[in-house]
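**Student:** Here is what each chain is made of, one letter per residue.
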Amino acid sequence: MAKRIDVSGLTAYYGSHKAIEDISMTVEPRSVTAFIGPSGCGKSTFLRTLNRMHEVTPGGRVEGKVLLDDEDLYGAGVDPVSVRREVGMVFQRPNPFPTMSIFDNVAAGLRLNGNYKKSQLNDIVEKSLKGANLWNEVKDRLNKPGSGLSGGQQQRLCIARAIAVEPKVLLMDEPCSALDPISTLAIEDLIGELKERFTIVIVTHNMQQAARVSDRTAFFNLSAVGQPGRLIEIDDTERIFSNPSVQATEDYISGRFG
Amino acid sequence: MDISTKTTDASPPTPAAVGKHGAARTKSRPGDRVFLGLSRGSGILLLVIMAAIAVFLTYRASLAISKDHGNFLTTFEWNTNLIPPTFGIAVLAFGTVVSSVIAMALAVPVAVAIALFLTHYAPRRLSGPVAYVIDLLAAVPSIVYGLWGALILVPHMNGLFGWLNHYFGWTGIFSWDGGAPRSMLTVGILLAIMILPIITNVSREVFRQVPQMHEEAALALGATRWEVIRMAVLPFGRSGVISASMLGLGRALGETMAVATVLSPDFDIHASLLNPGGGTFAQNIASKFGEATQDGRDALIASGLILFVITLLVNGAARAIIARRKEYSGANA
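Chains as they are written, first to last, in our numbering: chain A, 1 to 258; chain B, 1001 to 1333.
I should point out that these hints are in silico values taken from the structure, not numbers from a laboratory.
Remember, predicted model here, so these are calculated numbers, not experimental data.
Derived lysine to any residue pairs resembling SDA-like cross-links, with alpha carbons at most 20 Å apart:
1. A:Lys18 - A:Glu55
2. A:Lys144 - B:Arg1324
3. A:Lys144 - B:Pro1235
4. A:Lys127 - A:Lys195
5. B:Lys1288 - B:Pro1085
6. A:Lys168 - B:Glu1216
7. B:Lys1067 - B:Ala1090
8. A:Lys144 - B:Ala1323
9. A:Lys18 - A:Gln227
10. A:Lys144 - B:Arg1238
11. A:Lys127 - A:Asp140
12. B:Lys1288 - B:Leu1073
13. A:Lys144 - B:Ile1322
14. A:Lys168 - A:Gly192
15. A:Lys18 - A:Gly40
16. A:Lys168 - A:Met25
17. A:Lys195 - A:Arg30
18. A:Lys195 - A:Leu47
Not close to chain B: a few residues of chain A, all C-beta gaps over 12 Å, as computed:
19. Tyr13
20. Glu28
21. Asn136
22. Ala186
23. Lys195
24. Asn206
25. Leu222
26. Asp235
27. Phe241
28. Gly255
Glycine is no exception: its CB is placed at the ideal position from the N, C-alpha and C atoms.
Turn these sequences into a full structure, and let the hints steer you where they fit.
**Tutor:** Structural data, given as structure tokens:
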């Protein structure tokens, strides 16, 4: 179910500005890969190229290949809409649909994808909310608006919404940066459970978080402001944080810059 | 070192400082007093004006209604020169509501579609100029719309009316006896064009304020552009579109010159929207006020009071609709 991501020679632009250059990496299925690096290094941009969200930004365009197992996401005739149904995303700020109830938020993606019977919807919504460790907190108020939940609950609601459609890959763009430490812990625990079923890629500014949740870590950097971001190295998380092979990685991790 | 300096700065002020600060707070400064007086005065002035209008309308209306020989609500007649005068607002209420409903039914979907096109489909090069042109439409005086309606729109309605009569004449609503198309439908179409800009503009502003993150949430679930609009944009903009429509409706209900120029009025209720006749409150006041006697003027003012009440009711209903789903409005996201 979870799929491998294979990126080769990926370059992304905002208009004429080159945001990231020539990135290649492999992300193994059923693992957590963390992207770290200073602000502006292009890690979020790179994440958004993995489900073709980058091109939603005016002027956004991509060169290179992203293979999901053997299918090129940027191949001719590939519909970005169907790519996003395979590659789910959780954003920096919790963004449940404010006009929908908790139930409808989780069911939103399912309703896009096809016809489900009411009983099937109920089952999937329950399963997804349980999968996001939110069921016990909301099972008595599924018809209340999602925006009434706390920030951490909202983010778990967004995770439930993303996993309800059974994506192959789950992208997370700094999912805890707007949350308090306890909510962050809840999300991190959840990531550990979700990697049994999904390929997870997470962007984070919190290096302890990367160390705690990820199996592999990729370090991105840029040579100067206005220069495109590059992948410096990707390796097992343990190795990146103990004995990285590039000096810049070590400098960043030990807090010498960034 | 740096940190310790900052801590000192941020430490709670000494009692002396508090006292000084507190005194400064309670002491009223002339600038504050002037501004407070101005803003409070403006608020009170508004209430006084509203109350004065209501009192004036009610007083004059009660004079007229007490002399009315007919039933003020149901009589199909407006003869204020008779002794005793005989008049009723049934025809006017019907005409006002029908022409406004036609205008809303035509204008709201088109306005929402234009607003969505400008905010979510059109390239930025195009949406700017188009929005500007729509703004200009709102600035055209209503008498100009009226003249255009009477000289251009009316003569061009024959084809549409013939077609409607041919296919839908059997309903009665669209039957047409071939008279000049100075009818409720023509008025409704003209009103629709007149209220289109305001509804479009307000809707456009609302759609533009849909947070990017809600649209991205829908996109990331694999929504197409239309599905993004349905999931994130329209629900978020719903209350704003209702407010925009109310602004348009307010204009349609009260529109005077354009209706008076286009409509060929009589004092009857017609089932057909195509045959000439009928009337609206504002049109009736404008065409009769100049030559009315004292009683006649009071009667017209009484009809104005009813228009005032209808407008209040419509606005109240709109607010109720918005408030009913307030917790889902997105304002608390």
